[in-house]
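A.B. asks: Sequence:
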Amino acid sequence: MGGTPYYVSGTTLYSVNPLGVSSSLGTIIGAGRVSMANNGSKLCIVVPGSNAYVYDGTSLAQITDVDYRLSDTVVFKDGYFVFTSSDGSVFFNSELNDPSNIDPLDFGTAEINPDKIVAAHVNHNELFILGEETIEIFHNVAGSGFPFQRIQGANIQKGCYAKFSPVEFDNTFLFVGGGKNERAGVWRVASSQSAQKVSTDAIDYAIQKFTSDEIAASFSTTFTIAGQFIAAFTFESTTIESVTFC
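The sequence shown maps to residues 145 to 390 in this note's numbering.
Treat the hints as calculated values from the structure; they're not laboratory data. Worth double-checking, as some hints may not be accurate.
Within a straight-line C-alpha distance of at most 35 Å, the following computed DSBU-like cross-link-like pairs (lysine-lysine) qualify [said to hold, decoys possible]:
id	residue 1	residue 2
1	Lys186	Lys260
2	Lys353	Lys324
3	Lys353	Lys260
Label-pair restraints from in silico Cβ distances [as the list claims (entries may be wrong)]:
id	residue 1	residue 2	range
4	Gly323	Thr383	22 to 30 Å
5	Gln337	Ser166	41 to 49 Å
6	Ala370	Ile256	41 to 49 Å
7	Pro248	Gln340	33 to 41 Å
8	Thr253	Gly193	16 to 24 Å
Don't be surprised by glycine CBs; every beta carbon is placed ideally from N, CA and C.
Generate coordinates for the entire structure from the input sequences, incorporating the hints supplied.
C.D. replies: Here it is as structure tokens:
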């Protein structure tokens with residue numbers, strides 16, 4: 145399962161075999177872009193603000209644990225599926241390698257700045273919790289109880305404006321965001337305490353023509369052309385021309 149591509153189109157989950165042939169795996173109820181995380185044997189699919197599902201290689205089932213909170217994003221780290229709640233108040237994890245099983249005590253919050261949590265991202269085996277104004281970094285401390293603890297001094301004074309914008313790139317990751325009271329641009333995490341702007345003034349100006357809701361709905365991907373690794377950020381609108389910046 146780990147190397148198999150999966151995607152959701154309409155309300156159907158598909159897998160793609162090595163010949164490029166898609167197979168239907170089941171129905172995902174909802175609309176809009178989804179978040180997915182895979183541990184090699186189970187695939188978790190989160191419909192933002194709605195249901196979440198698990199595909200185990202055989203069947204697709206909805207997460208029905210009463211302790212599951214409506215979420216927007218999911219990532220996988222150290223055996224845990226980590227979710228960010230849709231209301232932005234907490235992030236929480238599943239039991240080990242079991243995204244269908246949630247302990248109501250296994251949750252964390254933003255500790256340095258009580259800004260709304262937008263998304264989670266894993267890079268260099270560290271858990272980045274991206275808020276609207278700041279980014280905090282957690283690691284797995286094991287033991288009993290909630291397994292994640294904030295790394296002392298590891299925080300970035302930039303926030304994420306689009307939950308589907310974080311993307312792996314150049315041994316780190318990029319995201320759409322900015323600092324407090326700062327308009328949107330594309331940023332690169334440079335260290336555990338800093339981020340660097342990678343978008344130009346011209347790109348910033350073009351991004352800022354979109355509404356805050358359109359920026360929040362932007363998304364990213366990466367691909368390679370002629371040996372060049374490219375990150376692409378897409379902004380869609382019904383009032384101005386939609387644009388992809390590479």
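A.B. asks: Next step is simple, just say for each hint if it's right about the structure.
C.D. replies: Evaluated hints:
1. Lys186 to Lys260: 29 Å, holds
2. Lys353 to Lys324: 19 Å, holds
3. Lys353 to Lys260: 24 Å, holds
4. Gly323 to Thr383: 22 to 30 Å: Between glycine 323 and threonine 383, where Cβ atoms are some 27 Å apart, the hint holds.
5. Gln337 to Ser166: 41 to 49 Å: 43 Å, holds
6. Ala370 to Ile256: 41 to 49 Å: For isoleucine 256 against alanine 370, whose Cβ atoms are near 42 Å apart, the range 41 to 49 Å holds.
7. Pro248 to Gln340: 33 to 41 Å: 39 Å, holds
8. Thr253 to Gly193: 16 to 24 Å: 19 Å, holds
Comparing the model with each numbered hint stated earlier shows that all of them hold.
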